[in-house]
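Protein chains in written order, with the working numbering: chain A, 1 to 735; chain B, 736 to 1091.
Watch out, some of these pointers could steer you wrong.
[As the list claims (entries may be wrong)] In the DSS-like style, the derived pairs of lysine-lysine whose C-alpha atoms are separated by at most 25 Å in a straight line are:
| no. | chain 1 | residue 1 | chain 2 | residue 2 |
| --- | --- | --- | --- | --- |
| 1 | A | 317 | A | 436 |
| 2 | B | 802 | A | 410 |
| 3 | A | 543 | B | 1051 |
| 4 | A | 401 | B | 802 |
| 5 | A | 730 | A | 401 |
| 6 | A | 355 | A | 158 |
| 7 | A | 377 | A | 338 |
| 8 | A | 158 | A | 338 |
| 9 | A | 384 | B | 1051 |
| 10 | A | 377 | B | 819 |
| 11 | B | 911 | A | 505 |
| 12 | A | 340 | A | 505 |
In short, the hints are calculated from the structure, not lab data.
These numbers come from a predicted model, not from an experiment.
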Amino acid sequence: MNDMKKIKFFVSPLVASITLFFLGCEEPKLKQPRETKPDQSQEPSNSSGKVDREFTRELAREFAAEFVKEFAKQINHKGISLDANQSTGAFKNSVSKTGLVDASGKPHPLLSHCSEDVLEFYQKNVDCFSILSPEEIPNDLEWQDGSSEKEFSSPNAKRGGTFHAYMRDFPRTLRTIGPDANGGFRSYLLDNNVIGLTHAHPNSDGYYPGTANEWAVGNDGRTVYFRLDSNARFSDGKRVRASDYFFFFYFMRSKHIQAPWYNDFYGKDKFQKVTLYDEQTLSITFYKAKPDVVERVSIRPKPEHFYSELGGEYLTKYQWQPEPTTGAYVALPENVDKGKSVTLVRQNNWWANDKRFFRNRFNPDQVKVSVIRDNDKAFEIFLKGQIDAFGLAKTEFWYEKLANDHSLVKNGYLTKVTFFNQAPPPSYALRINSQKAPLDNLDIRVGFHHAMNFELVLERIFRGDFVRMNTVADGFGERSHPTLKAREFSVDKAVESFARAGYSKRGKDGILINERGEKLSIEIMTGYKHFEDVLVVLKEEAKKAGLEIKLKVLEQTAAWKMANEKNHQVIFSAFGTFVELFPRFWEPFHSDNAYQEKGDLKYLENGDLKPGLTTKTSTNNFTQTAVRELDHLINQYREEEDLLQITKMAHRLSKIIHDHAVWVPAWKNPWLRVGHWSWLQFPDDWGPKESTDYEEFQVFWIDTQEKKKILNAMEKGEPVSSQPTVREYKKYESK
Amino acid sequence: MIKLNPLTLKKLRRFRSIKRGYWSFVILLFLYVFSLAGELFVNKRALLVSYQGALYFPTYGEQISGKEFGLDYDYEVDYRSLQKKFQHEELGDWVIMPIVPFDPYEMDYANEGSTGFSPPNWKTGHFCGTDKTERDVFARLLYGFRIAMTFSLGYLFLTYLIAIGAGSVMGYFGGKTDMIGLRLVEIWANVPFLYMVIILVSVMPGWWGVGWQVSSLLFIMVLFSWTGMTYYIRAAVYKEKARDYVSAAKVIGVGPARIIFRHLLPNVISTLVTFAPFTIAAAISSITALDFLGYGLPPPTPSWGELLKQAVGNLKTAPWIVISTVSALVLTLTLVTFVGEAVREAFDPKKFSTYE
Chain A
1 MNDMKKIKFF VSPLVASITL FFLGCEEPKL KQPRETKPDQ SQEPSNSSGK
51 VDREFTRELA REFAAEFVKE FAKQINHKGI SLDANQSTGA FKNSVSKTGL
101 VDASGKPHPL LSHCSEDVLE FYQKNVDCFS ILSPEEIPND LEWQDGSSEK
151 EFSSPNAKRG GTFHAYMRDF PRTLRTIGPD ANGGFRSYLL DNNVIGLTHA
201 HPNSDGYYPG TANEWAVGND GRTVYFRLDS NARFSDGKRV RASDYFFFFY
251 FMRSKHIQAP WYNDFYGKDK FQKVTLYDEQ TLSITFYKAK PDVVERVSIR
301 PKPEHFYSEL GGEYLTKYQW QPEPTTGAYV ALPENVDKGK SVTLVRQNNW
351 WANDKRFFRN RFNPDQVKVS VIRDNDKAFE IFLKGQIDAF GLAKTEFWYE
401 KLANDHSLVK NGYLTKVTFF NQAPPPSYAL RINSQKAPLD NLDIRVGFHH
451 AMNFELVLER IFRGDFVRMN TVADGFGERS HPTLKAREFS VDKAVESFAR
501 AGYSKRGKDG ILINERGEKL SIEIMTGYKH FEDVLVVLKE EAKKAGLEIK
551 LKVLEQTAAW KMANEKNHQV IFSAFGTFVE LFPRFWEPFH SDNAYQEKGD
601 LKYLENGDLK PGLTTKTSTN NFTQTAVREL DHLINQYREE EDLLQITKMA
651 HRLSKIIHDH AVWVPAWKNP WLRVGHWSWL QFPDDWGPKE STDYEEFQVF
701 WIDTQEKKKI LNAMEKGEPV SSQPTVREYK KYESK
Chain B
736 MIKLNPLTLK KLRRFRSIKR GYWSFVILLF LYVFSLAGEL FVNKRALLVS
786 YQGALYFPTY GEQISGKEFG LDYDYEVDYR SLQKKFQHEE LGDWVIMPIV
836 PFDPYEMDYA NEGSTGFSPP NWKTGHFCGT DKTERDVFAR LLYGFRIAMT
886 FSLGYLFLTY LIAIGAGSVM GYFGGKTDMI GLRLVEIWAN VPFLYMVIIL
936 VSVMPGWWGV GWQVSSLLFI MVLFSWTGMT YYIRAAVYKE KARDYVSAAK
986 VIGVGPARII FRHLLPNVIS TLVTFAPFTI AAAISSITAL DFLGYGLPPP
1036 TPSWGELLKQ AVGNLKTAPW IVISTVSALV LTLTLVTFVG EAVREAFDPK
1086 KFSTYE
């Protein structure tokens, strides 16, 4: 008893002091992006310790360079002619032809600011990097500038206000490349923000200008010429230089960024040549004359003045130091509240502010993204008005928690939107690891397909709003297979399949066993705690087919890491899909992403896999698919240039993967559903047809007057709306 | 019969005289035994089936396939629809179902429109309504109670085992053993329990199979909470060590193990018993808290924490879940607390011990 009294005695002053402490903490004030001073040197502000290290490293490099020069001079002086001299002479000759350096070793004026390391890289890869004179640009090019395309933003847009968003977890880094960088937060920094040479128009099949004002495809079909916008600037005020496009490839091919996928994607075999003609013109040569070659080579320039060159400390140095951006929003280290929120601030003198296709977009002055770990809690915070928008795709939210007769919706404070779009859906699916027993047996996999009752899930949990996805490549228009359907739930077919694999008897608990008495038991892992109920339903229904499912629901990051190690049996996951002309098969289904050994070395004569191969981790091939015929077909598919052939091959590949039965598709929804506060306004047609979420194209704006009005009305309890606040946009509904 | 110390007998009699505690104990015991036999009262399997003259007892034992009863499917019989079918056919076959004919795992999507969260309905048999995927809440409460209590008893047993071992060693031997041991115990006791359990549980199950998750959860919980009792046992052993009978035993040459187990521990039991109910209450709360956060038992194990999570997420749309779960939780913990208070009063040393 005494203890209890003592505790009670201490609790109240403790609580009081804690409350006072928290009240006393102030919100950190936001800092604006740096004012543009042209001569301000871009030296990232490091802690004093780091500066010293950097400084000494620079000194060491300078010293080494000087020493080498002196040494070479001394050797020359003494008249000793080395073979190296002659070869460097020849080397210099070839280099001077490509214009990178002239005869005396001085770099071309376009590259005069480059560091030694970078210049050396260009010189080593002269077949890739060259500088030619403007006369060499062909005369017969058809220059396009996107003037025939319509803008998709609204002229009614108003600037200003703070947009409040939330994220489930704090980003692990503010880098956009390298380990841990491909999280959801990257879209605020890169995907929806940074401007590239051109961008694909979201409502048509054309393009609109970005950092390039005009572009033209050369006669070979795979070289694209660009005329740059001389106004393009980074967020620190420095101009975007033509050499920044060279630097992009230095960056992406460097080992220091520790991003092998990028090394390969922007490697020499794909991006064969980059040529500068003058400060305003460049061309990029792709390896194949693909139908969407302009989109493929529209890279985003990297700020060379920020990095100057890359070293081993790239990861740590730029972990929380974002690079200057050509996009509208800037993340500054001062506005990062570690673990809690990141605030992106709109640039004051954004170079693209009035540029066609960028005006009337990126309207809020600030975007504050806070961490809210629990989805239900985020919803409650949204209802209080502290988050501006919330995805309502889940049926429980749309029908129950924020039903149409909810007071906030009835009074017009909140708006519910259903927008029918045309975009490839995120690929929710059960990915079966085809190298783990018993799933290495095709019959077991087929039986597994038939034992998954997605029909019940779609009918009851999603109330018929969602539809079943059918192939690995739905949503790509013509390129999706027209008739292929997912395997239906059928106890008979499942049992039949399992029996073919040896599991023919039902054990005491109804689960199938084979002759050795082993139970048919498969483990499904997932990081999606919010889809736990879907998996529970699947598990119960699978019992009917004699299949025992064991569920492992982990933290999202833990599940992701586990899947990357390819130790799972089945994983329920989804990948976001970019809107592209045709689907990708290499990343998820080629054996080079399953095993370290390259190409056909993995296979024996008869096509079976060799034993003892090394699994390749951290790739998208969660199904560990390694089939030789499939590999060859995928290789062919990547090389193909004709759209018709590509379409045929895409169909064929979808069918083969369907037959290989490693991928149980789940659902897709033909629309996106969003709830937002009515002070958030959208254009008349809400957004481009390829929108997959409300933040993607940044066409919305915040009406601060409206916000005040709504908040006032909320206090008084009066309704506010004149228009209906449940809206449906069927303009882009696919029939 | 075990020959109990007459002092202990007095304490037990005293416990019985405290009506509130005694009856709480009886009710709790009854509830636990009832939940152990839960399959007879809350189950989707019928108690008794008479089909074509033969009797079947499907409750315990193997699954009976539908083909046995003339149905066209091979997997387990749906006894509820079987009952309806027999009633309809009137061929003399009958099915007796338990009082609540539902299982904590099955989704009852019987009606056309049911999409989760059906309110309580006495006609259909869902006395406390259903949860998000149409699973019966009462069934999940009962089986969740069973699992929580079993978990707590296991927790109690293991914690006390380790505590007795460590405490009596430290208390009996004293000196350096005690000094070093106590420092180690203090350091370990300062590790925050809930955080460590959450961290370990979110990291470990990735490598272990699913079947290991429950036992590893128990192991991790015990790992961070055995230090509490160790202090008390150590103090009690110290106190008893100073008594004459221990010196007497030492003089005639009895070894330390025998002294500890045969002479000291029976007198220390009263301390243990006094803390037992509160340990159980703490264990139930911990496992519920862990399940609520999502770091406890793997899905779809019925547990109160998981029900509470659903309840909290759907306060307005499904109030029956929160009402039933919170009531059950409050009832159980109140009963346990009453028992604990009664035990503490009954085993109060002031009334029984004599000081020299």
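Can the restraint linking residue 802(B) and residue 410(A) be considered satisfied, given a maximum Cα separation of 25 Å? Distance ~54 Å between residue 802(B) and residue 410(A) Cα, so the pair is violated.
25 Å limit on alpha-carbon distance, applied to hinted pair residue 340(A) and residue 505(A): violated, 55 Å
Hint check: residue 355(A) vs residue 158(A), CA-CA at most 25 Å. Holds or violated? holds, 16 Å
Given the hinted pair residue 158(A) and residue 338(A), is their Cα-Cα distance within 25 Å? Roughly 31 Å separates the two Cα atoms, so the pair is violated.
Quick one, are residue 377(A) and residue 338(A) close enough, alpha carbons at most 25 Å? holds, 20 Å
Checking one constraint from the list: CA of residue 911(B) to CA of residue 505(A), max 25 Å. Satisfied? violated, 63 Å
Need the status of pair residue 384(A), residue 1051(B): alpha-carbon distance at most 25 Å? Given pair residue 384(A), residue 1051(B) holds - Cα atoms ~16 Å apart, limit 25 Å.
Decide if the proposed pair is consistent with the structure: residue 543(A) and residue 1051(B), CA atoms, cutoff 25 Å inclusive. violated, 33 Å
Can the restraint linking residue 377(A) and residue 819(B) be considered satisfied, given a maximum Cα separation of 25 Å? Violated: residue 377(A) and residue 819(B) sit about 44 Å apart, past 25 Å.
Does residue 317(A) pair with residue 436(A) here, judged by a C-alpha cut-off of 25 Å? violated, 40 Å
Holds or violated: residue 730(A) with residue 401(A), Cα cutoff 25 Å? holds, 24 Å
Given the hint that residue 401(A) pairs with residue 802(B), does the C-alpha gap stay at or below 25 Å? Not satisfied, since the Cα-Cα distance of roughly 43 Å exceeds 25 Å.
The structure shown violates the earlier hints numbered 1, 2, 3, 4, 8, 10, 11, 12.
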